[in-house]
Structure formats: C-alpha cells, structure tokens
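The residues making up each chain are set out below.
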Amino acid sequence: MRADPAPDPLDVRGLEVVLPSGAGVGPVDLALAPGEEVLLLGPSGAGKSTLLHALHGAVPQVLPADVTGCVRVAGRTVGTTRGADGSWAGAAVADLADAVGVLAQDPETGVCLPHAAEEVAFPLENVGVPPHVIGPAVAAALDATGAGHLAGRRTDALSGGELQRVALAAALAPGPALLLLDEPTSMLDGAGVTAVRAALATARTASGAACVLVEHRLDDLAGEDGLAGLPARWVVLDRGGRVRYDGPARDLPAARARELVALGCWLPHDVEETALLGPDGDLPAHAARIAPAARRVLRDGDALVAAGLAVGPPPAPVLRDVDLVLRRGEVVALVGPNGSGKSTLLTCLARLAPPRAGTVTGPRAGFVPQRPDAGWTRVTVRAEVAAGLPRGPGTDARVAAALDRFDLTPLAGQHPHRLSVGEQRRLGLAAALVHDRAHLLADEPTAGLDRHGTTTTLRALAAAAAEGRGVLLSSHDLRAVATCADRVLVVADGRVLADLDPLALLRDDVLLAAARLRVPPLLRRVAAAVHDAAHLRGALTALDDLALGLAGDLAGAGGADDVRHAEEPVGSTGPGSVAVAR
Amino acid sequence: MTALAERNPTVKAGLLLAVSLATVVLLDPVTLAALYLAGVAVARFGAGVRGRALLLAQVPFWSFALGVLAVNALSRPGTVLLDSPVRVTQEGLVVGLGLALRGLVIGALTVAFLASTPPRALMVSLTQHARLSPRYAYALLAGHRMLAGLPRHWADVRAAQAVRAPLRRDGTPRTGVAALGRAAFALLVHQVRASERVALALESRGLSDRPRTLWRPVPLDRRDALLAVGVVVAVAAVVVAGVLVAPLLPPWLRV
Numbered sequence: 006m007r008a009d010p011a012p013d014p015l016d017v018r019g020l021e022v023v024l025p026s027g028a029g030v031g032p033v034d035l036a037l038a039p040g041e042e043v044l045l046l047g048p049s050g051a052g053k054s055t056l057l058h059a060l061h062g063a064v065p066q067v068l069p070a071d072v073t074g075c076v077r078v079a080g081r082t083v084g085t086t087r088g089a090d091g092s093w094a095g096a097a098v099a100d101l102a103d104a105v106g107v108l109a110q111d112p113e114t115g116v117c118l119p120h121a122a123e124e125v126a127f128p129l130e131n132v133g134v135p136p137h138v139i140g141p142a143v144a145a146a147l148d149a150t151g152a153g154h155l156a157g158r159r160t161d162a163l164s165g166g167e168l169q170r171v172a173l174a175a176a177l178a179p180g181p182a183l184l185l186l187d188e189p190t191s192m193l194d195g196a197g198v199t200a201v202r203a204a205l206a207t208a209r210t211a212s213g214a215a216c217v218l219v220e221h222r223l224d225d226l227a228g229e230d231g232l233a234g235l236p237a238r239w240v241v242l243d244r245g246g247r248v249r250y251d252g253p254a255r256d257l258p259a260a261r262a263r264e265l266v267a268l269g270c271w272l273p274h275d276v277e278e279t280a281l282l283g284p285d286g287d288l289p290a291h292a293a294r295i296a297p298a299a300r301r302v303l304r305d306g307d308a309l310v311a312a313g314l315a316v317g318p319p320p321a322p323v324l325r326d327v328d329l330v331l332r333r334g335e336v337v338a339l340v341g342p343n344g345s346g347k348s349t350l351l352t353c354l355a356r357l358a359p360p361r362a363g364t365v366t367g368p369r370a371g372f373v374p375q376r377p378d379a380g381w382t383r384v385t386v387r388a389e390v391a392a393g394l395p396r397g398p399g400t401d402a403r404v405a406a407a408l409d410r411f412d413l414t415p416l417a418g419q420h421p422h423r424l425s426v427g428e429q430r431r432l433g434l435a436a437a438l439v440h441d442r443a444h445l446l447a448d449e450p451t452a453g454l455d456r457h458g459t460t461t462t463l464r465a466l467a468a469a470a471a472e473g474r475g476v477l478l479s480s481h482d483l484r485a486v487a488t489c490a491d492r493v494l495v496v497a498d499g500r501v502l503a504d505l506d507p508l509a510l511l512r513d514d515v516l517l518a519a520a521r522l523r524v525p526p527l528l529r530r531v532a533a534a535v536h537d538a539a540h541l542r543g544a545l546t547a548l549d550d551l552a553l554g555l556a557g558d559l560a561g562a563g564g565a566d567d568v569r570h571a572e573e574p575v576g577s578t579g580p581g582s583v584a585v586a587r
Numbered sequence: 034m035t036a037l038a039e040r041n042p043t044v045k046a047g048l049l050l051a052v053s054l055a056t057v058v059l060l061d062p063v064t065l066a067a068l069y070l071a072g073v074a075v076a077r078f079g080a081g082v083r084g085r086a087l088l089l090a091q092v093p094f095w096s097f098a099l100g101v102l103a104v105n106a107l108s109r110p111g112t113v114l115l116d117s118p119v120r121v122t123q124e125g126l127v128v129g130l131g132l133a134l135r136g137l138v139i140g141a142l143t144v145a146f147l148a149s150t151p152p153r154a155l156m157v158s159l160t161q162h163a164r165l166s167p168r169y170a171y172a173l174l175a176g177h178r179m180l181a182g183l184p185r186h187w188a189d190v191r192a193a194q195a196v197r198a199p200l201r202r203d204g205t206p207r208t209g210v211a212a213l214g215r216a217a218f219a220l221l222v223h224q225v226r227a228s229e230r231v232a233l234a235l236e237s238r239g240l241s242d243r244p245r246t247l248w249r250p251v252p253l254d255r256r257d258a259l260l261a262v263g264v265v266v267a268v269a270a271v272v273v274a275g276v277l278v279a280p281l282l283p284p285w286l287r288v
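Going down the list, the sequences are from chains S and B.
When the letters of the first sequence are read in order and numbered with our numbering, they come out as residues 6 to 587.
When the letters of the second sequence are read in order and numbered with our numbering, they come out as residues 34 to 288.
If you are wondering where the hints come from, they were derived from the structure by calculation, not from laboratory data.
Incorrect hints may have been included.
To be verified - Chain S residues, not near chain B, derived (Cβ > 12 Å throughout): (1) L24; (2) P135; (3) H137; (4) A172; (5) R383.
Said to hold, decoys possible - Okay, the calculated bits of chain S under chain B, using three or more residues with CB under 8 Å as the criterion: (6) 58 to 69; (7) 110 to 119; (8) 291 to 301; (9) 385 to 396; (10) 483 to 491.
The structure presented is a predicted model; accordingly, all values stated were derived computationally and were not measured.
Ideal Cβ placement from N, Cα and C applies to all residues, glycine included.
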C-alpha cells in the first residue's frame, strides 16, 4: 500500500497501439508525478497523437486499434479491452472527464456549443459539479487562458486562436490531474499562435496539472527562454513509434539533438545551434562565412498587377490602396498581423473574390489555400493532382512528374484526407503547380509543418520561381520569409506599410512593431552577422542544408530502417529505448 | 428580450405542436385566416420579428401555400367558376385556400418559435422538462453549430475547384455540373470527418448518460402555465367564433 493518498496522474506500462492501417506506437512506459510536464517529440507520422489518444481511452474506444498494456490515470484504469458483456473493462473516455483535460489540434471541432461560457461550463455539468460553483469556475478557467473577455461571445464568431483558448479553458475547468495537449497551435495563424502559447504557459503553471504536450514548433514555444521555456522532461519517438529518449531535456546528448533535427523537429534556438554547428559552433561567424544566395532572374511580361485595390467584406474594406506588381521569377512574401487582410488579398488576387475597388490584371494565378484539405474533391491523391486537367497520356505524364517531384508517388493511391498535414501541403502545391500558371499564390504554406516539411515547401516555392513563375506567399514565420523571399510586403492598419527586402525588415524595429511581428532569436543572430538580404538567404539555406544533411546521415547510419518500416506494425520490433544507431 | 423569448421552450414547442394539430381538423378559410393573422401578430409582437425579416421568413410558407392553392383550385371537381384559359372550381378554391392557410398558420407560429428560442435553451429545456437524453440534446446542439459553418466550407470547396478548373479563352474558369456534385460530396466527407472529431470532443468533456448538473437551468413557472392557458383559450375562441359566423358567410365561401 502506498502512503501517498494522491495517485500519480499518469502511469503507463507496456502500452502498445497498432492502428488498422498497420502503423502504431510503443511499447511505452511513462509515469508522471503530480504537476510534472512532458514534451512528446517525434517526426510527422510517429504516432504522437495516437499515443495521446490512448492515454485517455479515445484509442481504442472511439478510434479503433489493437491496444495492449495498461494505462492508469489518477489511479483509474483506462478501458482498453472489452469485457464479456461488451463494455469496456475500465474507465470510459467520458468517465475520465474530471481527471483528464484534452486540447486537440483543430479549433473548429474542439468547441461544440454555441456560447463560450457554456462550452467551459459543459464539462463541469457533465461531471456533476454543483451549479452554484460552476459560474466562478467558468470565469476562473477563462481568465487563466486569457479568454475572460470572450465569456459572452458566440463561438461561431471566434477566430481559431480564440476558439483554442476557450477549448483550453474547458479542458482546465474541471481541475484535471492530467492535461493532454495535441499540437494546439498547429492550425492557427501568427496571432493565434502567440495568444495560445501565452495561455498555455499560464495555464500549465496555474493549473498544477501534469501535462503531456505534443508540439514540434519548439523554437516558437520556447521563445527567448530557449530550453528553459519548455517542459523539463522530453520523450522522443522515432518514425516507427518507438521511444528513443526519455529524460531531462538538459541532459539530451548532442547526438540526440542532432537526431531530432534529422527527424524534422523544430528545436529551441540554443539547442538547434549546438545540434547543427557542434558545441563550439559560432552561429554569427558561421553565417558570415556563407556565400550569398544567387540572385533570381526576373522574366518580362505576364506580370500580375493590382492597382488601387481595396478588399474585404462590407462595411469597410480590411485593406485598401494596394498597388503591387508580381513579376515572373521573384518570390514575394506578405506579412502582417492577424486580420490584416493577407488571406483576403490573396483570394482577390486569385480572382476568387471580386475587389471592392481597383483592378487585378495579368494571367490567372494558381492558388494554394491555407487549409488545402478543405478543397479535396477526389478519392485518390493522383486524381486530385489531375483534377481540372484534360484526360490523356500527356496529362498522365505531367501528373506522374508532379507526384514524383513532391515525393507523393508512394501515396498516389491513397485518399487525400488520409494524408498528414505535411503531405497535404505537398499535395496542395503539386495540384497547383501542375497547372503551369504564370504565378503561384500560397496562403501560409508552411503553417504546421515540421522542419523538413518547411524546407521542402520553401524550396518548391523557390524552384517555382526559378522556373519563371511569380510566387506570392503569406506567412507569419519570418524565418521562412527570410529563407525564400526577395521582397516583403508588410500590411497592417488597412494598408501596405512597406515593400522592402527581408533584411531591411528585420532591422526596422518600428515597422516590426507596427506589423506586430516577432523575430525568432536564431534569425536575429543570423541577421546581425550578414551584410545583405541575399547573404541572409544564403546563410539560412545553409542551415537547412545542414539539417537535411543530418537527415541523410541518419538514414545512412541505419535510422533508415525506421523510415522504411514506418507503415508496418511496430508492436514487437524492439525494446522501449532503442540505442541511437550512429 | 421579447415576451415570448422569456417563456419556456418546451411549453412553446408543445403549444406549436398542439395548434398545428388543431389546424388539421379545420378547413374553414375564415377561421384559419383569423388564426394566421393571430400567428403573424405573435411573431411580430411576441417574438419581435419585424418588417423585412418577418416577410422573408414566411416566403417558403407562402410558396408552399400558393402551390397547394393552385393544385386544389385547378384539379378538384365541383362547381366551375372559370373555364378558360384554365378550369377553376369553387370547391377547389375554398379547400385549397383552407389547406394553404393551414400551412401559413403553422409557418407563422414556427417563425415566432424559432425567433424567440435560442438553440441551447431549447435543448436544455427538453432535457429538463421533456426527459430528452442529454447525449442526444448536446449532440444536436453541436450539429447545429456545425451547420452554421456549412456555407463557408462550401465556398472553400468551390474556390478550390475554381482555381484549378480549366480556363476558357477569356481566362475565366470553366466549371460544370459534375463539379457541383463533386463539391457536394467533398462537403459531405468534410462534415463526416468533422463530426467524428466533435463526437470525441463531447465525450472527452464527459458527456454520457450519467446524471449531470445544470449551470443555468431554463425556468418553468406560472407564467408559462398562463401562456399555455391563454393560447388554448384564444384558439378555442377563434374556432368557436368561426363556427358561429359560418352560417352568415356567403355560400361560395363555405366548404
């Protein structure tokens, strides 16, 4: 018998999950003390979300899978097998609502009721909290997530970032012993990411709950604090869903950090620097040594021209007096705060919405929306790329080439909706570029992507420009902008504030403040060491090359086995902690 | 807050059902017209639906009523009122008018009900006062929230089709009827996937068949009883008046 009356918030022993697709995760052993925080890391497709779902019974109770092992939450066994009468042997998902708070990726489907306050009250009602206690508890939970002002609002009028904060408040309201946070910012725009991160930071400390956080944009999450801004304990999964590391982040050996970069994780700036350049590496000196990126060749004719443009729904246009010329061969980035009209401008330039005033002239552009999955209308990846093209052998060859270029050939027969976020973005680009339009407009093309996904996407955009297309992308990620753009249009307060090169933007604090843009620490250090924008682009590209090189090394050193077998059942392939094969 | 908005949704739903059933036994156009005018007055003054909104909300019911009237007037046998260009019978006209007015009465009261009843209040009240399982009530409420997002998702799908559609000579996209079907299917797939995630969210928040508490219960009090009695008395009065007035009506207006 234990003397401690409060059982551990989480105690997982020998957990293995195999999904119907054959992919899986485990075996996992994980015990959390009250208030302990764990960061769950791993490349796309490693099974991080599956593992989180298994921790509160959603796998296998709602999402079918074969589960072995034992999960106990706050002393209660989670139902993973059915008893003789067909009911779950252990607690059901709904039974654990007082012990587990869950925050999912998609803000649209994480909030269910018409009003924000009712949403937060809902779990309290369900677990039987006396009505007179609910009001103060709702207010406290909303305040803890910086959403107090949203209490009376209708949820269908909230932005993604606001919805996630309400959903987080609902997860915190019952005072759970365990919080499960599944990439809560991956579907948000810049302002939403910032707001939700601030809310998470306060909520994690204020609630006193143990916490399992899945997140791969660690550089943003850590912010200026670097490693100190993150949960102290890290659990790292490999592509096959096996635990590669479980321990203090501070003790993460350099080899493991390099492996994380190789697996595509975004790391805090201090860890990334060490991983890429070694413990004695000097980022500014390294950046200064790199040759500037080659100048892009602009092509004449067929420019996309907007003159005196005003865009946005009535009453007042969100953005007005926009004059811009997108020439073939250049990459232009559009940055600005949330709600400044970036997406609206792009849809107008793509001729999907008429301008309120002014004109758009030039050839019709290709367009990749912020969430490409919203527009899939075919049942296979191949058919989706071919959509809108005439039938024939010429098209087949073009589609095959596009699939190959974006590494989608192995997925050609899959349903588009079954792809991961990174694969969806690649498909969106392939489906847009196969049409061979003179220009490509892309709305937040790197949002929610891991490091390699981001690099691949930015390089595809650069390649599209090199082939003679004009590329205009919106982004809240200044590092991505500085890695690929020749020019930056800064929009805020209803107009275009500036049209300048990325380095000039990074050095203009007034403009950065006006557009509410934050420069990541690593980018700031690199920017301070270079002398022009081409040099900055070269230095950042060189860092991406190093990261891709590490991925190549990992594959060459035997890690490739994990990659190749990622789709196979992993239940019985190895012990919980596999030595790094280097 | 309007007078009707303060009343209990279950009581209002019950009264709407009761009046709708009562109209089924009525065919007298005069009585039904009086009930319709009363229904419009309830929507305007009880539920606060004004002007344009009141007219627009009734358009579907008027269209239905017009169809019912036309079909009956043109197809029902009886005394011929008009033979050219089409044959219209007196019986057809009167019966059609009665049936059309039935639809309008139900329509006007439905407008009043929906305008004065927030979805959450309705569902909570049904769980409190009509023993509806919270599992169904809150699932319906979540579904209602998803419905509100449908137009935006439809626009997203159509936009995605438009940017990849083959271009005409003038550079505008060419989308056909087949694309509409595909868009509808894409929307369906999207909704099914979204509803799976919503279902999981509801369950994660503890929605089950177990007893639960209620933060802001929907009140049910004497004023609701008064409303019920008032409506029953008013409808009965109109019906009785209709019966009394019937012999005084011109013969062509009698059923």
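Hint by hint, here is what the structure shows:
no. : hint       : in the structure
1   : L24        : holds, 15 Å
2   : P135       : violated, 6 Å
3   : H137       : violated, 9 Å
4   : A172       : violated, 8 Å
5   : R383       : violated, 8 Å
6   : 58 to 69   : holds (count 4)
7   : 110 to 119 : holds (count 8)
8   : 291 to 301 : violated (count 0)
9   : 385 to 396 : holds (count 4)
10  : 483 to 491 : violated (count 0)
When the structure is compared with the earlier hints, violations turn up for hints 2, 3, 4, 5, 8 and 10 and for no others.
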